[in-house]
Amino acid sequence: MKKLLFNVLLLGLTVLIQSHIGSPGVTLEGEAGPYALTVVVNSPDVIPGTASVDVYITDNTVQEVKLSCLYWFAGAEGTPRADMALPVPGEIGHFSGEIWLMSPGSASLKIEVTGERGNGEILLPVMAVSTAQKTMEASLGWTLAGLGLFLVILMITIIGLSSGDSLVKPGQVTSAKTKRKRWVGATVGFVLLSLILWGGNAWWNSWANDYQRYMYKPFTATSSVRVEDQKQVLKFEVDSVKLNQLYLTRSLNYLIPDHGKIMHMFLVRAGELDVFAHLHPQRLDSAHFETIIPPLPPGDYHVFTDVSRLSGFSETIADTVTIPEPDPNLTDNWNDSLLMDTDDTYYITDPVISGSTEVLMPGGDIVVCGSPGQRIMLADSSFVTLEQAEEGEFKVGQLYHLTLAVQDETGEPATLAPYLGMMGHAVVFKEDGSVYIHLHPVGSYSMASQETMQARLTQESGRIDWNKLPKPSVFRDSIDQTIAALNSLPAQKRDSALLVGMNHPSLDDPDHPDHSIVRFPYTFPTEGKYRIYVQMKRNGRILNGAFDVEVES
Amino acid sequence: METLAPPIASTARVVSVSKQTSIPVYLYATVLASISIMVGLVWDISWHTSIGRDGLLSPPHLAIYFGGVLAGIFSGIRVLKISFFGTQEEQQESIKFWGVFRGSLGALFCIWGAFAMLTSAPFDDWWHNTYGLDVTILSPPHTVLLLGMITIQFGAIVTVLSVKNRMVSQGVYDDQYKKILGICFALASGFVLTMLFTIASEYLGRHDMHKTTFYIVSSLIFPLLLVAFSRAAPGKWGASSAALVYTLFLALMVWILPLFSAEPLLGPVLNPITNFQAFEFPLLLLIPAVGIDLITQKYSEKNSWLLSLVYAGVFLLVFITVQWPFGDFLMSESARNWFFGTESWYFGSSPDWEYRYAYADWMVSNGTDLLKGLAIALLIGFISSRVSIRWSQWMQNVMR
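One line per chain: the protein sequences are C and U, in this order. Start counting at 1 in the first sequence, then tack on 28, and there's your number in this note's numbering. Start counting at 1 in the second sequence, then tack on 641, and there's your number in this note's numbering.
No lab work stands behind these hints, which were simulated from the structure alone. Just so you know, not all the hints are guaranteed correct.
[To be verified] Straight-line alpha carbon distances no greater than 20 Å define the calculated EDC-like cross-link-like pairs of lysine to aspartate or glutamate that follow:
#1 LYS162(C) x ASP993(U)
#2 LYS197(C) x GLU731(U)
#3 LYS496(C) x ASP993(U)
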């Protein structure tokens, strides 16, 4: 019963927005040529529609910021003239504009910056899909109903008068016959209008059904745990439904690795959010994935998996799974080398305490560089501090650079190594499971999508020739081989291979000489209690930590 | 004394229709509204084909709103004026409704149209937010808008006709009025014809001209309008003059719009154009319209059912004889110029499409399909002509 309730609850919460859940915005922290910038895109929930774009640039010599939208299937040639993002009055360095997303699919926002230091541009992947079916607000509904009723009554009047009174010569009195004709006309008009309204209603319904049919529907999956060779194996089967549209764009046959992995899987124990695992399942075929899971505490778990495609389309496939009490044998025989992927990791900590405003964490509250912060100790005795919001509390809808200061055991700036090509990863969960997002210092978009789009726009022009796409089996094999080759590299070489083309602006921040700094740009979508799991690597060891924040409206 | 009688009678007649002897400004306003709406609509279609992105207050939208507002306000004021401050003559010429109001039928049509257009605005806005921005002509809120527009245009026709019919019944309908009202009717009816063509244009394009659907749709809408126009118009060439207005207007739009530069602002752009893309070159309706007028002139008193068959048969035969080969011509190299404007192509469609200037197999009806389709077209044309004859009787009698 408990499991059933849990699943029902989850079903209600799986309002998926592409490569994350519950956070409609996409953020990017990066560099357009010489200009460091942060970009926040709020995609429309209905396509065709417009996305609002906010660009924040620290360089005050910037003269012009231009935005354009590129579609993967249309290529650079199919992109219309860029639109200007206009400076926001009173906010230096803040430019605002909008882009029109007309077709569903994998798109990219191009931001071009012109200033005294020359020109620069950067791409931010945007998944253009309709995700919401809206209803009409009562006020508008009543207004339209009122106007509609007026139109119906007036038209019945007109039809009645047309058949009767309008034919009477000026000055003549309206006869009983005319009156009768009027009423007959009005009755016929009423019947006709009723039929038209009935037809109109059916038409509207068919339109709504079509919209539903082509609306973005997340893939669903079935997860199961079994014991095999003294190990717990989690099988993740994606329900291969026939897609009504974006058949190739979202095809599971064309998965590409993101950070060197075909799939990133996050497990978090529901409710308490106290158990966290970041795993990298292996692909059995296009829809089946498997991974070995450590003997995690029993319970119901959220399963979130992120995948990216050749088209640049990235999305999250979510499910739930119940992990049983592990057999003592399993626990006794376990050691971390049994994990399937060298980059797999898990972490068990205190639960988020519901209803309590006090955040219980290992470590205490401290002040870092003048800002209050929460500090925790990591497994290797180094410290991470999360800087608190300037106004004391995090607010909904406001862009934050979640800043982590890292010090080693002695209080000196810690030397971090890249983990999966990044100086840090953060995974944000809301207590009720309605928000899940995987963040990097560069933002909340899929790096693989960005690389795909970059390659698409620089190496070729014109539209995609669907017929020239490699066969699914050939493509899958070549990707599997690439991943296997990457995995066989020594850790350091693999990390440097994944690092190619990525810059890491967060590490050498002049404002924080005493720490290593990792920053994650993010906007909290709704109020409530959030847990942020952070992941970093130091001296060859993956380190996990957790922070809780309360977000106010 | 008897010699004085005619002048007295004449004076009395003039007095009783004193307001009628000058054509009301209101009539010109409704005709102008009809033109403005049509210019705006064709311009708007061209805008969507060439630029793609628009706002609530885009120039074509303003032309449409202007038409709606003009007709709505003039009609609304006229109804209020006649209801509460009207002269006895004005009240006698109007219809009383809902116990307190008085107005002409034409004004009521225009008011209805203006309200329908007004209603469509918030409905369309909600529609965009719910199902996405415009990608089609025919959606429920657009249909409400189109119904509003066409009702205003119909109001203009009714207004012209009622003025004409009153003048005829009062014996003041002279050549000068005949000429002015004839022009007004030609404009009002020509723009209704253009409007219906525009609404049905998804079935009436260059690529449809060898398909029976084209002739079925044509037989449904064109005889319905042309027969009634032919029979009810102030002059002898009602159908021809409406078709002439339709032809000139659409041709002018084909010639004028591409003179202005335009750039697609919505991606993906598959056809990077630099000028406004023209709407359709007019169908050769003028030729069957002349046929319809000739039938009206010679046989209008014949049995209505028989006459309907003649109208429908002549329309279909003449129309297919000229339009089918004209379709071939429009696909040819010779039509790819400013005059015929067949190079116009939506920015979001691939310009390299193999059938851009050719009929694919599935676009051509032949054999029994063709015969069956034409038989259906004839039947529909027959019904639509019969309805039209009945409608024209009403048009000849509408007084208020």
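Problem - 20 Å limit on alpha-carbon distance, applied to hinted pair LYS162(C) and ASP993(U) - result: Not satisfied, since the Cα-Cα distance of roughly 38 Å exceeds 20 Å.
Practice task
Assess, step by step, whether the Cα of LYS496(C) is no farther than 20 Å from the Cα of ASP993(U), and give holds or violated.
Solution key: Roughly 18 Å separates the two Cα atoms, so the pair holds.
Problem - Hinted pair LYS197(C) and GLU731(U), Cα distance within 20 Å - result: Holds - the C-alpha atoms of GLU731(U) and LYS197(C) are around 12 Å apart, at most 20 Å.
Hint 1 alone, counting from the list given before, is not met by this structure.
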